[in-house]
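Chain order of the listed sequences is A, R and P.
For reference, each letter of the first sequence is one residue, going 73 to 385 in the working numbering.
For reference, each letter of the second sequence is one residue, going 73 to 385 in the working numbering.
For reference, each letter of the third sequence is one residue, going 73 to 385 in the working numbering.
In short, the hints are calculated from the structure, not lab data.
Check each hint, because a few of them may be wrong.
Identical chains blur together in the list; that is why a pair holds if it fits in one copy or across any two.
[What the hints assert, rightly or not] Here are the simulated DSSO-like cross-link-like pairs (lysine-lysine), alpha carbons at most 30 Å apart as the crow flies:
(1) K314 x K299
(2) K299 x K173
(3) K348 x K104
(4) K184 x K318
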Amino acid sequence: MENLLTTSELTVVEIQQILQDAQNFANGAEWKPNKQSFVANLFFEPSTRTKCSFEVAERKLGLEVIPFETTSSSVVKGETLYDTVRTLESIGVNAVVVRHKEDNYFNELVGKVNIPVINAGDGCGNHPTQSLLDLLTIKQEFNKFAGLKISIIGDIRHSRVARSNADALTRLGAEVVFSGPKEWFDENVLNDANYEDIDTAIETSDVVMLLRIQHERHGENDVEMTKEDYHKQYGLTVDREKRMKKSSIIMHPAPVNRDVEIADELVECERSRIFKQMQNGVYIRMSVLKRSLTTIEGGNLHVNDYKKWPIAY
Amino acid sequence: MENLLTTSELTVVEIQQILQDAQNFANGAEWKPNKQSFVANLFFEPSTRTKCSFEVAERKLGLEVIPFETTSSSVVKGETLYDTVRTLESIGVNAVVVRHKEDNYFNELVGKVNIPVINAGDGCGNHPTQSLLDLLTIKQEFNKFAGLKISIIGDIRHSRVARSNADALTRLGAEVVFSGPKEWFDENVLNDANYEDIDTAIETSDVVMLLRIQHERHGENDVEMTKEDYHKQYGLTVDREKRMKKSSIIMHPAPVNRDVEIADELVECERSRIFKQMQNGVYIRMSVLKRSLTTIEGGNLHVNDYKKWPIAY
Amino acid sequence: MENLLTTSELTVVEIQQILQDAQNFANGAEWKPNKQSFVANLFFEPSTRTKCSFEVAERKLGLEVIPFETTSSSVVKGETLYDTVRTLESIGVNAVVVRHKEDNYFNELVGKVNIPVINAGDGCGNHPTQSLLDLLTIKQEFNKFAGLKISIIGDIRHSRVARSNADALTRLGAEVVFSGPKEWFDENVLNDANYEDIDTAIETSDVVMLLRIQHERHGENDVEMTKEDYHKQYGLTVDREKRMKKSSIIMHPAPVNRDVEIADELVECERSRIFKQMQNGVYIRMSVLKRSLTTIEGGNLHVNDYKKWPIAY
């Protein structure tokens, strides 16, 4: 029973194993649990791509997906997340995928429930399947992490993936720099001395990873600027794209604010991997679900199954 | 990859082919795509029968239906319809069924996304699967269109099906007349000289097709009358039904406002095909989905498959 | 076509048959209808456990579950429950599961629609699958009903299960007593002379069945007390649990108000069957769905199928 809560808890070997398994799925590998298995997606915050991506991944693995509508559930009667998950466990659900607005909501569950929890985003905290799909997209492009320079640009403070991506990429051997409005940064980030001005970052990186401005997470006292100003100062403009390194790529977790983080006409340009990232999301989620459900079943069979697939680092 | 956006874009031959395929499904024919296929139903407006009808049709074809809740999706973060559909395409969805409150919303998609769009209703514009199920119901009854007289009665201006039904029925050889409150009509309709008073229309038609009063689409300045007045002046009363032609039938797209468009006790009377229309809706949607998914797959097989089924005009 | 509306309409033999079939499912028996079958869950009130439990049961029987969102359906356009269910019937749905806030909502349907209705809770009225899962949990524990003493404690007036459980248990041979705040009781209950004070009830019963305080059903004029007061006066405190009979058990329909009806640390104690009840809910619903769908199909096969399974009373 393997949870997936944060990328920082994963070793480099575990990350590579998840990526390899995802790549196998991308190449057409199939895997299904050996008995009818149930999963519930508990999304307490709006989401299209993550929820639908998990749904497609679940169906491709032949799982039964139990609809769980947070707005019409007993949560509105005040039921705790723990009681909700224990209920689902009791009725036969084999794994839960949870998105929740509270940071580290999963501390209420871990070690107490007997089914794996897959974190699909907690507050401003973590979003491990997003991080992993970013890593897969980079690996597919460069077949390595060591020696790459990756710039993460934008709304770092409210991003679930900025810090976990930086952590994982660094452990995998890449160099990570941050850019964007300094007012939006933690002191931690700034003190790290890995802040770069936007033009240097874009011109020298192999991967330009733009972050969505999380308007919905900004408080009233936040420094605000117009969309046009943001785009001009910190966005990937048509002009800046021309100065990117040869064979460097553009990434964005989406949904994109067109003409804010990135110029409208660049969203689907040749360098853009934005829709490729979404496609990879399905394979990463298949890999992560397989990992969680494999160990449930006692798993000798499926551990062997991992071994049968060549693992390349 | 065959979209279905409006009936007016369909040739008479295409209409007949869709009807024939639907009738084959009604007769027990089966068809499934040759690999796991995904469809998403994007309903940005409330609907029971259309959405559930598509769901049943999709399951009968063995499709995987990806739940898409418009109220909890990224659309609430301001994502465009184009970006939403491209996202679904990226994660492996093979076709989208869309209902949207804007007329011709599909212009934003057509030629830009690479998966078929099936229109399940746009604003006050089109509702092609509703039109097609109406046609199937008429064909089952009379086995022809030529020579039939069909009266379409009621809220023409706000109806998605009135004009497209009139267009298709005329092309198929039927005579179409309109009736109802003149204030609710376009000048186009009135100038067509095919307006008839309610009693003549009902007494001389083979098909009396009543339209739902779309209270929810009426603006504040609309001419309003009481339900009782509407029923008396323009509704199918018990008395008017007695004066209908022998073997003529009653149709209504539902949901019915009982005792407004039609007397409560007539909704399930012998002449009524209202619930038959709903039943036919499933077969039409199976036919339309098959048509969209067939061409995706390159389709020699399935084109042959069409040929194997006798097509009767 | 066997409806399930209330437990009081079921004979003792029918109850025992449903319990036996459920126990067979608990023991690993499998049953699937012999053709693709569709079911729709119409929940007009919030629910996690009942809705998800039905969903799991339905998937285990291989049924196709048609999503029906009450908030986005034509019900918001004013469609009646009858027209909604007739619509679902017309498009091929084979059974409906309904939860509705009105007592006896099903009177609008019974004898008029041609598909079975399974009541998942009506107003303050009935909740037969909850009653049946309670019975199954008791039967698993004691393998009999005769001679058992069961106390039902708490918010009797707003409980869907209190009266129907009392009725069924009495018919099955058990003794039932009530306890809790007298202000919350019907005169019927009090006059029955089966009211006991909380401490006597808890110390002398084989089954202590606590009811959820239905805050959401209490009106403004209800007698209110603090949670702490309720717990102290009428709750299962840690201290009261110590005075329970040897081998007696604790039940609660959930969701639990922790530290109100029952002390937090007792929810998952050794005597507690609260999560067991949820687990049994799936088997009961499988049994009830099988019963409804069996008779639809004409059913000689499935009637035999019942006979093939030994029925123990």
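Original post:
So which of the earlier hints does this model not fit?
Top reply: none
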